[in-house]
Each structure stands twice: as C-alpha cells, then as structure tokens.
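**Q** Chains as they are written, first to last, in the working numbering: chain A, 498 to 815; chain B, 43 to 312; chain C, -2 to 242.
Check before you lean on any hint, since a few could be wrong.
Okay, the calculated beta carbon distance ranges per label pair [stated by the list, open to error]:
| hint | chain 1 | residue 1 | chain 2 | residue 2 | range |
| --- | --- | --- | --- | --- | --- |
| 1 | B | Ala195 | C | Ser(-1) | 24 to 34 angstroms |
| 2 | C | Ala161 | B | Arg294 | 21 to 31 angstroms |
| 3 | B | Gly99 | A | Ala646 | 20 to 30 angstroms |
| 4 | B | Gly99 | A | Lys625 | 18 to 28 angstroms |
| 5 | A | Gln690 | B | Arg248 | 27 to 37 angstroms |
The calculated SDA-like cross-link candidates involving lysine to any residue, where the alpha carbons are at most 25 angstroms apart (straight line), are [as the list claims (entries may be wrong)]:
| hint | chain 1 | residue 1 | chain 2 | residue 2 |
| --- | --- | --- | --- | --- |
| 6 | B | Lys199 | C | Gly135 |
| 7 | B | Lys199 | B | Glu137 |
| 8 | A | Lys661 | B | Met244 |
| 9 | B | Lys199 | C | Glu92 |
| 10 | A | Lys626 | B | Ile156 |
| 11 | B | Lys191 | B | Pro134 |
| 12 | A | Lys661 | B | Ile165 |
If you're looking for bench data, these hints aren't it; they were derived computationally from the structure. The beta carbon of each residue, even a glycine, is placed where N, CA and C say it ideally should be.
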Amino acid sequence: MKTMRCFLVLAWALSLTLPLGCTRGTSPLLIGVRTANDHVPFYIADRQGLYREHGLDVTVRLVASNTEIIEALQRGDFQVGAVPVTTAIAAIAQGSPLHIVAMTGRGGDGLLVRKEDGLTDLASLRGKKIATIRASILDVLLRQALQGAGLDPERDVELVYMGKLGDMIAALQTGQVDATSNTEPFLTDAERQGWGHILTYYTASWPDHPCCVVVAQDRFARRNPKALRSILSVHCQAVDWANAHVNETAQIIVDYLQAYTPDLVADSLNTSRMRVDYHLEPGEIERMAQLMAEQGMIEQVPAIERLVDLAPLRDVQK
Amino acid sequence: MYKSRRISWRSELRRWLLPLALAILWEAGARLALAEPMLLPPLTQVLARGWHLLLSGRLLGDLAASAWRVLLGFGLALVIALPGGIALGLYPPLERATALLLSALRPLAPPAWIPLAILWFGIGDAPAVFIIFIGTCSSMLVGTLAATKAVDAQLVKTALTLGANRWQAVRHVILPSLVPALLTQVRLGLGLAWMCVIAAEMVAVRRGVGFFMVEARNLFRTGDVLVGMMAIAIVGLGTDRLLLGLERRLCRWRAGLDPARLYAPQEQRP
Amino acid sequence: MSFLQLVQISKRYLTNGSSILALQDLGLSVERGEFVVLIGPSGCGKTTLLQIVAGLEPASSGQVLLEGRPIHHWGAERTLIFQQPNLFPWLTAEENVAFGLRLAGLPASERQQAVHQALGRMGLAEVGRLYPHELSGGMQQRVALARALVLDPQVLLMDEPLAAVDALLRSRLQREIRATCAGKTVLFVTHSIREALILADRVVILSPQPGQVRREITLTGAAPRPPTLELARLEEEIEHELIAG
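So here's chain A without its partners, still in its complex pose:
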C-alpha cells in the first residue's frame, strides 16, 4: 500500500514536468495582419485550421495599421507579420530586426477618378488634386507613374495626404480631390457604383509588382527555424488553395473584412488585377527599395541580405 502511494505521488510529480519539457514552442505564436485582400492566405489558414494541422499554436491577429504591426514585431509581441513591401523596407532601413521571407500579394493598386470628369490618361492629371497615403506603397507607385507620364509629383500636381483608404474615396466622391491612389476592392467598388473610373493600374508600368510581403522577426527566425518554415508551408498551401477556389476565397475575404459582396471581391481578384502569391524575387524587392531611395523615403538602399531572407521559403519548397 505504502509503495503504491509513493509510486502514484512520484508519477503525478513527473507528469507535472512533462509540459516543462515541451514548453519550447507551445506558447502561441502571433501573426499580425491587416484587413486587406492580399492578406487572405492568413484568413484561409486561420479558418481552415491549417496551423493546427502542422502542429502549430498560432493566433492570427487583425490589426488596423501597418505601423502597429511593425512595432509589435519589434517588441516581440508578434513573430510574423504581413505588411506592404514599402513598410517592410522602410522599417528594415531604419534598423528593424526583421527580414522579408515571402510574398503574399501582388498588384491591386491603381488611380481612381470620377467618371464624369472624363479624364483619360495620366497626363490629364496635371494641376489636379490627388489623394494618397504618405510614404505608403500607394505613394511610391503613384509618384513613379506620374514621373513616367512626365509630371513632377511636387510641382505639376497637388498631392493631398490622408490617413485612411475609405477617407480618400469619400474625398474623391465629394469632389474635395480629383483623383486618388488607392487599392482593391475600393477601385472595382467605385466603378460598380457607377461614379468611379479606374484611370490605370500600376501593373501597367510594373507588371505583377509586389504589394504585401510576409516578414519575420529575426530573433524568432533564429530561435525557432522549424516553426517559421511550418508557417511558410501553411502560407504556400493557403495561397495555392486561394488561387484554385476564387469564389470561396472571395467569401472568406468578405467575412473577415465585414464589407463588400463576394462577387465584387471575386471580380477584383481577377488575375489581371490582383493576385495572391508567395514567390519572392530579391530583384523586385531591390527595385522597390531603389525607388524609395530615389523618392527620398529612405536614405540608402539596404543590402539585399539585410532585406530578404530566402532560406526559409527555399527550404519549404524543396
């Protein structure tokens, strides 16, 4: 009897140490994403429980602003995030301990005007007011497009800086501005409503340009390379699924954004306008960084190894 009791107590004590042995990697990992079309692979992975299937305890957090995601990554509150490529480059240029590890979305940004104004090309924007978000990808691509059409962004047009995508659409509709550099699905939505006209997509001058990327915190990548690769594996799986199931993907986007209708979103996901992808080319990241340096948003172009870490994605695709 006594020995039995001793044994039970010992077994109970031992069982308590079991979680200690497994703590490495069982505290939930946090991925910060925004409510945007091209972050849908994360919504899919979240909804379909793909992380759990790979043995990961991951929470996908919806955050309102890109800057907050980067700041949370720096603090270590998030381990992985999805942000526009320009945000990632700006943060890394200022010394953020992050690396770009994969793509999540391409294209989908363009210039919207009012149909009634009858504007046909970029040159007709001379002297007009254009709403954009300062230092965002919308800003970078807009300036590039304007310069391509022979317009000086500082002198030949009047740029109005606002904070939110929706505010810019409202400003365009009410006539406070004449054009806005904006993103899907706002663009298709405005055209569908009948008052808007998409002047151009930036993919016209840079086909398939990167839009949003996946970034990983350096410390997390160092300490837990396996978990990072698992997360990327899930990401690739979700991207492939999204491209194969456009309508269901549209529905998922509607559910997470709590806005728009599935057919509108599906329309904007039409491959020529906006697509999800995970492939990453260092060259295109470098090109974006160079553009940002030319426009004065960063002082120097960081070394490519500082910006991009292809190893995890490569490992996953083997």
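Using the hints provided, position chains B and C relative to the given structure of chain A.
**A** Relative to chain A, chains B and C alone:
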C-alpha cells in the same frame, strides 16, 4: 556687488542642472545600447538630424504651417472666449442660459471633433483651425468665467461709490483685476492649441509638425519624431517665456501679493 | 427739512427660505456739517444702513433724502469709505486718489494738483508713487480717505474705517479725520463707544434685530474730545444700556 553676481550664476546653473542630467542620461543610455536604436536614438544623433532638417528648410516650413493654424484657431477662440467669459460672469441670466450647453461640450476632447471637422470643412487648414478653435475656446471660456466671478466685489463697490457707472466699473476695475487671470488663460490655451494642432494634423494636411511626425512614424524614423517633439517644445517654451515676460510687465503691482515670496530667499529691498 | 434725511428705512433680507428684518422704520435727520456717529451691537444693521445711504443697496421701503431730493442709486456725492482700504492694487497711491477725478473727466493738470493737495493734507506727499502693497495699513487707509475727500462729497459715509488700525495709530488718525472732515457732513459707524464719544457731534445708538434708533446723544465741545471723567461715565452708561439690551 561681487557677491550678488556669484549667487545669480549659481542659481542659473541650478536651473539647467536637471535638463543637463537628463540629456546625459539619454545619450549614455542610447550609446550603451540599453535600448534598440529604433526605440531611442542617441541625443547627438537627434540633434544632428534636427540641424539638418532646419537647414533644409523642412522643419521651419512645417513649423510655420502649424503656427499659422494655431494663430488662426487660437486667435479666433481668444476673441470669443475672453469677452464671452467676462460677459457670462457679469450677467447671471446669460450664464444660466448657456450653462447646460457648455457643460455638454466640455468633455468632448478636440480629437473627438476631427471626423466632423473633416466632413464639414474638407481638407487643408480649415478642419485643423476649427479643432483648435473648439478645443481652446471652451477651456478659456470656463476659465475666464471663473476668474470674472472671483473678482473682488468690494473693489467694484468702491469704484461705484467713487462715482463710476456700470460700464466704468467694468473698464476701470473688473478688467484690470482680470489681467493676471486672463494672461494665465492665454498661456494655458496656447499650450492646448499646440496639442490640438498636432492631433488635427495627423489626419489630412500637406505640411505641419503633426503631419511631419506622422510621416516620420510611418517611415520608422524615431529620430525625426523626437525632432518634431523638440521643435514643439522649443516653440512652446519660447511663447511661454514671452507671455511670462508680458505678465511680469503688466502686473508689476502683484509683487507684494505673491505667497511664494514667503519661501523665497531674502533679496535686497529698495 | 434737514440736509440728509432718512425716512422710515426698512430692509428685509431673504436667506434660505426665511426672511430677516435688518432695519425697521429707521428715521434719522442729519444737519449740514454735522458729524454723526452710529453705534450699536453687531447685527444692528449699521453697515446695511450706510450701504443704503450710499446707494449701493436698495431699501425695502422708505427713502433717503439729500437736500430734500430722494436718492436713486450710488454716487460720488455720498461716497462710502469701507473698513478695508480697498485701494486698487494695480494703481499707485497717486493714481488711486485720482480715480474718482478721472471718472468725472477732470483734465490731467487739475487732477494732478488736486491729488497732490489731498495727499499732502494726509502727510503722504512722498509716497505717491508707491503701490498699495508697499504701504502700511494705516497709510493705505489714509490714501483711501484722501481718495474720497478729493471728490468733495456732500456726505461722507465711513464704515468702521479705523477698526483694522492699531491703537497707537488710531488716535492720530481720529484727529486727522476730524481735521480733514471739518465742515463736512459725516455718518461714521463704529463699534467702539469711546471712539464715538471722542469723535461725534451727535451719537446715535441703534438697537439690533431689527435695527432701530434707540437713543440720540448730542455732545458738546470740540471733537476730538480729550478723555474726561464725564466722558468715561457716559461711556459706562451707554455700555450698560447696550448690555442690558
């Protein structure tokens, strides 16, 4: 004479001791990498960046844009709140009529007005000016009202019995009595105006210190954010000093009524 | 008809739902140039009465007649000197004294002359440029007196002006007041029976709640009166009367 000069040198040093200590702490802490460079760049780096921005004209341009909005919004608020507060203080029926409205508007912090301001006034200077106006007007109105009600009634009665009519009593007794309180309201209001302009600019403008700081944050330039803050602090300090100087000149007669004098070190009396 | 006539003055206050009758049908006649002192225990409405004569408070009923004409509101011809000097702290002594003259629109040169004279009479010629906070209590009260006298009022109302002044200074100021107010009609309020007997041509004793004239004593001899046995006896008599109620 030599002795008094030595004393004033020491008291000047004492004034700078605390800021100097903080500056050294900042520089040392950042250099020793106690914090990540993105969280707190070294002070010398921030100052160098600030100098660069000053020379390029960027900082001054932004300060001028913000200062212009402050001038308009605060100026308008001043013109309405000071006479308004005095009027409310002198006519209780008027105060009763407006009390409910004023109490309701008070808790609405200036940022709460931003969406409405943009809706009504669109983009540009107007919404920012409106927000500064709303924010500072109600605070100065309440302060002026309180100060007016606190004017010594005995002094008013004295003026009357010396032959003043109501208007003369206001002009020769109530207004001079209120000068110190009004200057305090202006000082407080101006500080509030700068806070409002920063909040208002974070939404839809082209230039301005608040806009500059939002842009800096979006580009993760912590140094620039700090430069913006320092610029505002310096401007605020400058205007505050000016107003204090004005108060000292206009209110020389207060010297004897200042309770702090009891605790001040003994000075030479004429 | 006397110079200043109070006709059945009543004053009722409403506080916290109840009403207090401060003065009831109070009547008083003052001749031109007379120095009348009002005394009585606290709460007998002395201050209220002065405020009514000054026009700073309305009477609930009754009239105040000056040279036969009823008064309607405040005026410099019936100026009131308060217990506190109430000098305007943002003005120098000179500017304080000039206050009433400025309001009346007197040109600067005449103003300066009158002010200089008034301050000189009070022995304050050198302190004209000082601010009130730089003057002692006694000096401040003298400046207040000069400020009122320079207006040459028809009636001078004084509400315990020497109450806040120390004993040594008080007797000196009492002399000064009688000297500078020579020939003026004065209504002087004090709580000190002795002071009343020293200063007054006529002492009016008021009874409290509600305030009414209890007794009037006309005094002989030039004021300020030196302390005599008779004066002391009178003081004791009045004191007993007041205590007895």
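**Q** All the hints need checking, so say for each whether the structure fits it.
**A** Going down the list of hints, with the structure as the test:
| no. | hint | verdict |
| --- | --- | --- |
| 1 | B:Ala195 - C:Ser(-1): 24 to 34 angstroms | holds, 32 angstroms |
| 2 | C:Ala161 - B:Arg294: 21 to 31 angstroms | holds, 26 angstroms |
| 3 | B:Gly99 - A:Ala646: 20 to 30 angstroms | holds, 28 angstroms |
| 4 | B:Gly99 - A:Lys625: 18 to 28 angstroms | holds, 26 angstroms |
| 5 | A:Gln690 - B:Arg248: 27 to 37 angstroms | holds, 28 angstroms |
| 6 | B:Lys199 - C:Gly135 | holds, 21 angstroms |
| 7 | B:Lys199 - B:Glu137 | holds, 22 angstroms |
| 8 | A:Lys661 - B:Met244 | holds, 11 angstroms |
| 9 | B:Lys199 - C:Glu92 | holds, 18 angstroms |
| 10 | A:Lys626 - B:Ile156 | holds, 22 angstroms |
| 11 | B:Lys191 - B:Pro134 | holds, 10 angstroms |
| 12 | A:Lys661 - B:Ile165 | holds, 13 angstroms |
Comparing the model with each numbered hint stated earlier shows that all of them hold.
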